[in-house]
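So the protein sequences, as listed, match chains A and Y. In terms of our numbering, the first sequence is residues -15 to 317. In terms of our numbering, the second sequence is residues -15 to 317.
Errors might be hidden in some of the hints.
Just so you know, same-sequence chains aren't split out, so a pair can sit in one copy or run between any two.
As the list claims (entries may be wrong) - The calculated lysine to any residue pairs, modelled on SDA-like cross-linking and capped at a C-alpha distance of 25 Å, are:
| # | residue 1 | residue 2 |
| --- | --- | --- |
| 1 | Lys248 | Asp80 |
| 2 | Lys(-10) | Gly297 |
| 3 | Lys222 | Leu146 |
| 4 | Lys191 | Arg117 |
| 5 | Lys(-10) | Gly169 |
| 6 | Lys191 | Leu121 |
| 7 | Lys222 | Asp80 |
| 8 | Lys191 | Arg81 |
Honestly, the hints are just simulated from the structure, not real lab data.
What follows is each chain in one-letter form.
Number of protein chains: 2
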Amino acid sequence: MPELRKDPVTGRWVIISTDRQKRPNDFRFDRAATIGRDQCPFCPGRESLTPPEVLSYRQHGGSANTPGWDVRVVPNKFPALQVEGTLDREGEGIFDRMNGIGAHEVIVETPDHGRTLASMSEPEIERILSAYRDRMLDLKQDRRLRHILIFKNHGAAAGTTLEHSHSQLIALPIVPDFVREEIEGARRHHEHRERCIFCDIVMQERKERSRLVLENEEFVVFAPWAPRSPFETWIVPKRHESNFEAEPKERLGYCAQALRSTLKRLGAALGDPPYNFIVHSNPLRDTPSLSYHWHIEVMPALTHVAGFEWGSGFHINPVPPEEAAEFLRLVIT
Amino acid sequence: MPELRKDPVTGRWVIISTDRQKRPNDFRFDRAATIGRDQCPFCPGRESLTPPEVLSYRQHGGSANTPGWDVRVVPNKFPALQVEGTLDREGEGIFDRMNGIGAHEVIVETPDHGRTLASMSEPEIERILSAYRDRMLDLKQDRRLRHILIFKNHGAAAGTTLEHSHSQLIALPIVPDFVREEIEGARRHHEHRERCIFCDIVMQERKERSRLVLENEEFVVFAPWAPRSPFETWIVPKRHESNFEAEPKERLGYCAQALRSTLKRLGAALGDPPYNFIVHSNPLRDTPSLSYHWHIEVMPALTHVAGFEWGSGFHINPVPPEEAAEFLRLVIT
Chain A
-15 MPELRKDPVT
-5 GRWVIISTDR
5 QKRPNDFRFD
15 RAATIGRDQC
25 PFCPGRESLT
35 PPEVLSYRQH
45 GGSANTPGWD
55 VRVVPNKFPA
65 LQVEGTLDRE
75 GEGIFDRMNG
85 IGAHEVIVET
95 PDHGRTLASM
105 SEPEIERILS
115 AYRDRMLDLK
125 QDRRLRHILI
135 FKNHGAAAGT
145 TLEHSHSQLI
155 ALPIVPDFVR
165 EEIEGARRHH
175 EHRERCIFCD
185 IVMQERKERS
195 RLVLENEEFV
205 VFAPWAPRSP
215 FETWIVPKRH
225 ESNFEAEPKE
235 RLGYCAQALR
245 STLKRLGAAL
255 GDPPYNFIVH
265 SNPLRDTPSL
275 SYHWHIEVMP
285 ALTHVAGFEW
295 GSGFHINPVP
305 PEEAAEFLRL
315 VIT
Chain Y
-15 MPELRKDPVT
-5 GRWVIISTDR
5 QKRPNDFRFD
15 RAATIGRDQC
25 PFCPGRESLT
35 PPEVLSYRQH
45 GGSANTPGWD
55 VRVVPNKFPA
65 LQVEGTLDRE
75 GEGIFDRMNG
85 IGAHEVIVET
95 PDHGRTLASM
105 SEPEIERILS
115 AYRDRMLDLK
125 QDRRLRHILI
135 FKNHGAAAGT
145 TLEHSHSQLI
155 ALPIVPDFVR
165 EEIEGARRHH
175 EHRERCIFCD
185 IVMQERKERS
195 RLVLENEEFV
205 VFAPWAPRSP
215 FETWIVPKRH
225 ESNFEAEPKE
235 RLGYCAQALR
245 STLKRLGAAL
255 GDPPYNFIVH
265 SNPLRDTPSL
275 SYHWHIEVMP
285 ALTHVAGFEW
295 GSGFHINPVP
305 PEEAAEFLRL
315 VIT
């Protein structure tokens, strides 16, 4: 059973995920090994290699856990958290633990092993975003869950262990630290000025333009003022909306267009870089929020997290966002 | 001039280090390239390739910036922060920036290009720790500086770009987020119980023994309760002391012994893994603190920081610290 443990000094939680356990010797070899086409559990015809699907989109029909799907969502076979059980907390001297209740799912984005997200069409990407939303709406009904993170790791240096294009969803029994800091920062701004800070940022970036990458009717894409990594890029809806899962279908198409163009530009500028993206959305149990504003943060994995970052929480970034944005604006995709 | 920028939502600072600037195309090639023996600026005889030294230990004499040194400290040629100038803050709409005042130094740990820290003798490691202390005591006199971080990146996956064994020092005009969280957590514990939380942890780990790796007269080495990475290991002085630079010389030898044995065990267990270590010490401007307790955190770089970690601040660790500690206790070095 996975376990959540709290650092007694900082209050930071970690997930000790014993189901994914490796013997220490496993760390000696092949850190970056990814599972390729031969053993791929996400390819059509190998549906039995994953736990039974919780969602699939099938334009041309076919029954569950058989080929014919366009997007398929399955529980992670080696979950960081487990759905079964009650949420128990206990102490051990000055230490605290909680059992690892939650969900860990994989969104298989395409049946085609060789496709990357950046090479997909807008309708294909929209379908993936719809799958994110459908899973969030379903999991939101589980009252034990407080927050859902959706993210993608592309490339071995960004933490992928499976080559076949996929994203992941982790639903947690607590609101994680970084999310709480973001929510609280946004709430403070709203208290002072009665405005959403993300709406303010969108307004300033659109006016100033030096960090702007692109925009369409509904979304704006820019390099943030204080990026942690070179070419960090945010995709933010122009209209205020706190929860990703509350977006109506019409707007997901615009989001797909913005995400696709962003990934294509990053690919053309940097040569298919490894990257992570994270959907930042309001916690599940809060009502729609006037102060928080959902968005996607894309982080190319071009630098390593090293001693300074571990010790300070600061990041050193050698590329000013104004230069990254200019490069992404002008690059030919 | 490097620049500190504050994220308007979370309050997180990043260093935009334009002096280290690379053209975007530089990111396309050879992310992990490290500078080897041929172009090494840290080898004896190449002293002119670095800025003039700020400290050297020379058992057998020799003048500054010539061969003959055992340990040599130089300003970083591509500093993340610069010593010159006054500390200015300014706004840009809703955004904040500060100029990048601070120091960034490199501690060249040995004249021998091929030596690793783990292979050095105790007196050699003690000499390096002394250099850390001497530089901290010197920089402490600069009233603009609020905190000093000393850290080491070993191996390309841990962020090293130069092969020759070295550590780094960054002195900052602000107390970084992670340090502030640690200090505040320790202060809360002290308010409630009138005890240092690290002293409490040391007591519990020595009693329980399941996470203990080794101890000597003055230091205890253990796997922390909530480790962020597999085989994360802490080296903590048994006697309460908030500031690394306040340690008397006699105790640095015990620290060197504990650090050496820790690195040798990690090397034997994991096969010379890439790692970071960070010296956690009290900020410069606080008086000696009853609640904070300096220590060293060693983090093997065996897993990648991926989307989930970026989004949550949580870490997923597949190796329970009890298993890691047992392995490190029993491994033959």
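Results of checking the hints against the structure:
Within a single copy, Lys248 and Asp80 get their C-alpha atoms no closer than 44 Å, and across copies no closer than 31 Å, so neither meets the 25 Å cut-off. When the C-alpha separation of Lys(-10) and Gly297 is checked against a cutoff of 25 Å, the pair qualifies both within a copy, at 18 Å, and between copies, at 12 Å. For the identical chains of this complex, Lys222 and Leu146 are neighbours neither inside a copy (34 Å) nor across copies (44 Å), given an alpha-carbon limit of 25 Å. In this assembly of identical chains, Lys191 and Arg117 lie within 25 Å of each other by CA distance neither inside one copy nor across copies; the values are 31 Å within and 49 Å between.
Taking the shortest Cα distances, Lys(-10) and Gly169 sit within 25 Å of each other both inside one copy (23 Å) and across copies (12 Å). In this assembly of identical chains, Lys191 and Leu121 lie within 25 Å of each other by CA distance neither inside one copy nor across copies; the values are 35 Å within and 47 Å between. For the homomeric pair Lys222 and Asp80, the shortest alpha-carbon distance between copies (23 Å) is at most 25 Å, but the shortest distance inside one copy (41 Å) is not. When the C-alpha separation of Lys191 and Arg81 is checked against a cutoff of 25 Å, the pair qualifies only between copies, where the shortest distance is 19 Å, while the shortest distance within a copy is 48 Å.
Against the hints set out earlier in the document, violations occur for numbers 1, 3, 4 and 6.
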